[in-house]
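One-letter residues, chain by chain:
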Amino acid sequence: MTTTQTSTMQTTTAAPAGAARPLARRRAAAMDTLRGVLSIADWRRRSVRTGMGFVHVLLLLVLVVIGLGPILLLGKFAITPTQDILRAPLEVFPNGIAWDNLHKAWFDVQISRYFLNTVLIAAGAWASQIFVAATGGYVLSVLRPRYAKALQWMVLATLFVPGVVLLVPLYLTILNPPILGTSLLNTFWAVWLPAGASAFNVVLMARFFDNLPREIFEAARVDGAGPFRLFWSVVLPMSKPILGVVSVFAVIASWKDFLWPLLVLTKPDLQPLSVRLPSLQATTDLGVLMAALAISTLIPILFFLVFQRMFLRGAGLGGAIKG
Amino acid sequence: MRSLTKPTTAVLAASAVAIGLLSACSGASPEAPETSPDDTTSTTDEATSDTPQDVTLRVVSLLPGSDQAAFDAFDERVTQFEALYPHIDVEAEEYEWKATTFAAQLAGGTLPDVYEIPFTDAKTLIENGQLADVDAQFHDLPYSGDFNEALLEAGKGPDGHVYAIPAKSIYGVALHYNRALFDAAGLDPDDPPTTWAEVRSAAKQIKDATGVAGYAQMAADNTGGWQLTSATYTRGGRTQVAEADGTYTATLTNPGTKAALEFLKALRWEDDSLYADATLNWGTVNEKFAAGQIGMYTSGSDVYTALAESFGVTPDSSGLKVADYGLTAIPNEGTDSGVLVGGTLAAVNIRADDAVKDAAIKWIDFFYLQPHLDEGPAVENAQVRFDNGQPVGTPVLPIFSREQYETSLGWIEQFINVPLENMTGYTDVMFDQPVVGEPSASTQEIYALLDVPVQAVMTDQNADIDALLEQAQTQAQSLLDEG
Amino acid sequence: MTTDQGLVPTRRRRRTPVDWIREGGLSTLLFALPLIVIFGVFSWLPIGRALIMSFQETNLVVTSWVGLDNFRSVLADPNLPTALRNTGYFALLALLFGYPIPLVGAVLMSEVRRMKGVYSVLAYLPVVVPPVVAVLLWKFLYDPRPEGVFNQILGWVGLGPMPWLQSATWAMPSLVIEATWAAAGGTVIIYLAALLGVPPELYDAAEVDGASIWRKVWHVTLPQLRGVLLITFILQIIGTAQVFLEPYLFTGGGPANATLTILLLIYRYAFGQSLGADYGEATALSLLLAIFLAVMSLVYFRLTRAWSSS
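Protein chains in written order, with numbering that gives the first Met the number 0: chain A, 0 to 322; chain B, 0 to 482; chain C, 0 to 309.
In case anyone wonders, no lab produced these hints; they're calculated from the structure.
Errors might be hidden in some of the hints.
Derived DSS-like pairs (lysine-lysine); straight-line CA-CA distance at most 27 Å [as the list claims (entries may be wrong)]:
{"id": "1", "chain 1": "C", "residue 1": "Lys138", "chain 2": "A", "residue 2": "Lys255"}
{"id": "2", "chain 1": "B", "residue 1": "Lys361", "chain 2": "A", "residue 2": "Lys266"}
{"id": "3", "chain 1": "C", "residue 1": "Lys138", "chain 2": "B", "residue 2": "Lys264"}
{"id": "4", "chain 1": "B", "residue 1": "Lys167", "chain 2": "B", "residue 2": "Lys155"}
{"id": "5", "chain 1": "C", "residue 1": "Lys115", "chain 2": "A", "residue 2": "Lys103"}
Whenever a hint applies, use it, and build me the whole structure from the sequences.
This is how it looks when you write it as structure tokens:
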């Protein structure tokens, strides 16, 4: 099963890189911008145009209501007084706007601190994942020592182990890490280090490196580049796309992470938003809680809107998986 | 090269597994030091030195998210303590005892040096060797003989040593109500219900007149079982019987429990006066009550302190105001009925060395106990709380004796800012009510089991109460048998 | 002489450590070290440890070997059938809602000629919202009172207030709806990217053969998407089998264990009892789940290999 998976990923990751130019030429030649199921002839028919137009408007409406709706509601609740939220949630500010909620959320509930924790945790997790995946992929794909095959199998094997199995023993490992002697509990390392053990990232990187032209490596070696030089000056610069993909995944995964930080970061000061917010639920005024939730959502959304392209390209896996 | 990779693979794989096995074996050995409760040669009897060494003491402060003013009051007390004992540096942490997170904290060793546990957990923790033996330091206290023996018993180990000290919130379960809602519904706030039938009709009246749920019941995180047990006691039932031979028998199918569940069922499905949220726990039911969404509910008699410190009950809050809070005795019906009592003990972390244990006892003495015993500290404590707008004078059951308690109230009379006049329903009878301790075996686990019937009754109109109780009974009995 | 491909050595003498270093073995090892250390300590070792712990009974203070006892008591736990049923129910509902809808959406979106980006952004927006925020928000939206947001909306179309999370029947579907809302966008984007990779010549060829729009979708689009469809299917099953966040935050497994999933049960074994946590049973159940998923994946890949183009 693994060979099938890796082989399809191998051949098709190559496709976008190598095939992009001929494909674009072909498309330009057909004067057909991104044709899909419908051809130019299809679009010329009135029934298709109105039909699809209608469907698209409907789709847009549905997306706005469903995708945007709850988020807009959250924004509204963030500045609504609690009693209004409870009694008339869908009415538009019957008793005025409570800007106070935002103030209280930022200062009293100290969203700023938990937000900072979230960012720090994401940054460290990202660094950890990039570091392990890049060096690991490099070894497996470029350097290929004798033990590469074995390493590869052991890494792939972990793909099939559900995270749940690791939960308890990893917790105990954090309590009592080998060599270190002191517990890593309530330190960010407890989240950063295990994040690096992502087989998915290593496989992605290794496959990408596999598709880099070998001639460039040979040329560099002939020029006297050692493995470090090769890595830093040749391989990495050529890997920007895949680094982008891995980064997007890493940041998103870290932001979403709930159970693991819940277990290892029991000190409120260190907790990221995902862990802190539920525990504040009972002791925080509903309006202020909504404001806190809204603030916590704002940054990821802004981040997403600014870096749309990278997100969506990474999320689509670059079209890497096909039939 | 093929022939070389095969053994390499095998070797690598084997060594990885071997390393895994080795580390698992070594890591599986006990984390905690080897002291056990029966170790009478422990080092606690070493004489404390005359020049105290500097010690950092980690203690628990308040619930997460409590008011800043509450934290300020706490910090002032810490400063006073550190002035008294300059060699002790106190570090405070927010803390909430929740059945689901306590285990992780315990295992993770992240509990502070002094922390709070409910009565129900003490015996098991002592048996597991997770509490420090503080017997020697305890007996150094001049008033060690004045404790209410029944309370002290909860914190003693099988060797008779003291491991945890009764510290605060000794409560009897009582009925809390919203006076403003009573008014709005045409009920007399000074004449709260005294029987369960009256509670039911009052709840219905509140719901019909104001649309607000008249009654609420905790149902999750073991609190459902806790309150169900309390409701059972008030109807003359018991959930557990201690046999002569030291074993325990679960008695969950008794008429009291059944009546309690039928009460909930009627309120929920016939009267529609029950707050329809089966995820309520101790914290969220307080939150809803403080937001003015609940007419009545049962919880520990001292909950007012938390309501004011952490859940936003102030003289002018938009939800429940201070003046709207009412407290009365929980209805007791039938023979053998009683009020469930419990409380909080202060325990010392097993990893504490002697210096820390000394400091810990001094903190427990200063923060939890002195205000009950000496006028000076009582006034100091009350003053700090009063100045920071924190509740002073919430009725609690006495840790020492009734006389001592009443004397201490007299010292701080000028600072009392809780609406005692609205609590007479409870305070008039609090010392006369028959009290029943929480069940002693597998308490929290059986509470967890009992959450299920409570949630089922609240969410399923056709819940079969007998079947639910039978199921809980079987599971509880097997727990008791193996425990 | 290149070192990365094994090649026939010109001299048959034994390699010494000096040779190894000279061939770059040391620097290679250095590059491999992060992988080995991180995976070793945080992945391989814990897996080994899980195997060990499933045969032990421990609460970190006292540890003893109990053989298959943990497995026996896990299998005998009356909560296990409930958890299995609930998890299966969640996976099934999630599949019904979350598998075809994103596909339909993606196909429609791939035909959009203007403002393509807007569609993608809107679809992906819920994915970007932190799951904890989403759950806490939706918990409020699911308020069972008539004033609850969703109940009010239902009221506009004449439907009565629903108990949502307060009913054993509706709690799980409520969870699935929110989980689908939060995750569908990601699937849409994956499908969309795959759709872009369908070679247009295939459509051209189909049109030459006189295929209608619907036939083109059925005979060209879907088969081209087969790979991604198969993979997202199994990934979704594996993911939903391990659902934890939604039941934990929405209902804590209630009401009356109606949303108790396997992962929540594992969590309860390990961290849910205030005293005497049972790590042995937790790891035993985790291993059983892992074995089940592994077997299922193997069977799945065997079956799909028969109809996969590669």
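Practice task
Could you work out which earlier hints the structure fails to respect and list their numbers in ascending sequence?
Solution key: Hint check: 5 fails alone, others pass.
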